[in-house]
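Peer 1: If you want the building blocks of each chain, they are given just below.
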Amino acid sequence: MTTIELQEELTNLYNDRSETIKKESSELINSFRNKAFEDFQRLGIPTRKNEQYKYTDLMNYLAGDYTYEIAPAKLSVKLEELFKCDIPELDTHIVLVLNGFYYNQNSFSALPEGIIISSLAEASLKYPEIVNKHYGQYADTSLDSLAALNTLFAQDGIFIYIPKNCILKRPIQIINIGYSHKNLRVTSRNLIIADKNSTASILVCDHTLCKQSFITNSLTELFLDEGSRIDYVKTQNENGNSSQISNTFIQQKENSVFTTNSITLHGGLIRNNIFAKLDGEGAQNNSYGLFFGDDNQHIANFTHIHHAKPHCTSDQLFKGILDGNSTGAFNGKILVDKFAVKTLAYQKNNNILLSKTARVNTKPQLEIYNDDVKCSHGATVGQLDNDSLFYLRSRGIGYKEAMHLLMYAFANEVISKISLGPLQERMIDLVDRRLKGELFHCENCKIHK
Amino acid sequence: MLKITNLHAAIEGKEILKGIDLMVKPGEVHAIMGPNGSGKSTLAAVLAGRETFEVTQGEVTFQGIDVLVLSPEDRARMGLFLGFQYPVEIPGVSMVNFMKTAINEQRKFRKLEPLSASDFLKLMREKKEIVEITSNLTNRSVNEGFSGGEKKKNEIFQMAMLEPKLAILDETDSGLDIDALRIVANGVNKLRNRENATIVITHYQRLLDHIVPDYVHVLYKGKIIKSSGKELALELEEKGYDWLKELVD
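In the order they appear, the protein sequences are chains A and B.
Residue numbering for the first sequence follows the numbering used here, starting at 1 and increasing by one per position.
Residue numbering for the second sequence follows the numbering used here, starting at 1001 and increasing by one per position.
None of these hints come from the bench; they were simulated from the model.
Even for Gly, the Cβ is constructed at its ideal location relative to N, Cα and C.
Possibly wrong hints are sitting among the right ones.
Stated by the list, open to error - Computed, partial: chain A to chain B, Cβ under 10 Å:
#1 85
#2 383
#3 386
#4 392
#5 398
#6 409
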């Protein structure tokens, strides 16, 4: 199949279903579809000629026989019984999402006043004054065709609103579950708003609970108003037949702090696109990621950090360990506007290749339009340090175990940046097991290679 | 305990060790001295199993077993220890995790159960005292950000933890001030007994004031050109190496 054929197929799919999709959605969400349609027609499916997708061949993953559901699936069992998060001592407000649809559950207990956690479809009807202001405002469909495709099909997902001055102590945990008897295309759309001086931690866990293939195109818009802080941790653990394109658009106001940590444990294709706009003085963006690849996996992290105002800081650290025939890519762009003086922007990408056939492409891009900035970037691709390996072995530690300790140390630089203690411990454990080639998923998560 | 016979070793085709013979018995302390570039550190590295060096001739038996065919980890598990001249910094690997893994891998080799967490911590506390380490090693990464003195103390600390039968200390005195030298030497002396042996590689006599050797060997151009008692070290301190070099050149 060619990209044009896939584009046609998706266009036809939309034309077939658009009436029902529109009927199920609010006017607001529908109002973005026409432009998204035009943008998608114009941009098409990105090929490797597209600079941003130079190292990711989407066609290898996106084509195939897939069903598209326009209504939430009916389960014969309760989703919360099918899946239980087993991270010890992690006390969270759990939100379940099934194949891209908000999965209704009992109301949240002990949620501070004013906080809203709900389905996006519902929120767009119930809280138009908030949703109207932000929906579709940060995800520019004219720039990215997958954002356009998401906006075209968007029906539901999560809506979160953290009110002014609210400090949410318990993290919110969004669990995206892929569960179906057929191969499925999934679209999920989320909107997260942190009002002035609010603080929250959000943990997103992606799981597939069956061996069916999922192609997920998710898009999350985050708005951080003045002085707000959001910690956003994403763990991706899907079966090897599945593909995920995760688009995150972040808009940050004065002195807001956004930290994201994407831990990619497994999946067929994982593509993380992070677009952040630092749109207020003193805003700070930290984007971190850790990825593991083996077999024929492809994992790509794409970042676009836009410094639009003075005195903003951005820090990026992405690390990858690739084995087998897996491929990885890091494409990190820092854009500094003419008036964004006193910008501090750092970027680092380190990769370890464990096999002769694993590959990684890394490409830093700096576009700076003023002189008063401090920027640095660095990328490495290599093997583990022989001196360190010998040092460990000279103490009686076996070759395999020594390799494992060093890889773990390599990964730990990212894991140590996760602020949620119990989650950090779980990640340490998962990464530990992943590196030993043992189980690398949560106990309750049935994963199929 | 250790028997080296006609040992030759090369790196990238260049021969560094040109026929070394040495015999070490339990309870003995041997000092290996010699000018820069004579092959002292190469000898230590070859004994520990560093793969960058190629053994071209000769044999080394340790407790009667040919060790040249063994991996570095198996040599260590048999009780061979190398104190590094330049200990490697390994960010991200904590001292505790490192030592716990090393001890338990060595115990496994000896068919012993792993140490319990509390026994392990107790052992750490005990051994830290030997080299007067006061800082909390628990959360620190291996050698990361350690001062020169701390790194060398850490080598002796590891030696104390692992209780080797033969310790080879490669320039353990380099970069140490007088106090650190005394602490390190005291540590080594406390660990000496009739069952184990030590090879001290050094440039200077001053370490040998603290760790008194039974034998002193001079290595030059890849060969041991003179072996004698501890008085040889004093003679070298006074006269330098030139008079010995002349015997060879």
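Peer 1: It remains to establish, for every hint, whether it holds in the given structure.
Peer 2: Going down the list of hints, with the structure as the test:
no., hint, verdict
1, 85, "27 Å, violated"
2, 383, "14 Å, violated"
3, 386, "8 Å, holds"
4, 392, "7 Å, holds"
5, 398, "5 Å, holds"
6, 409, "3 Å, holds"
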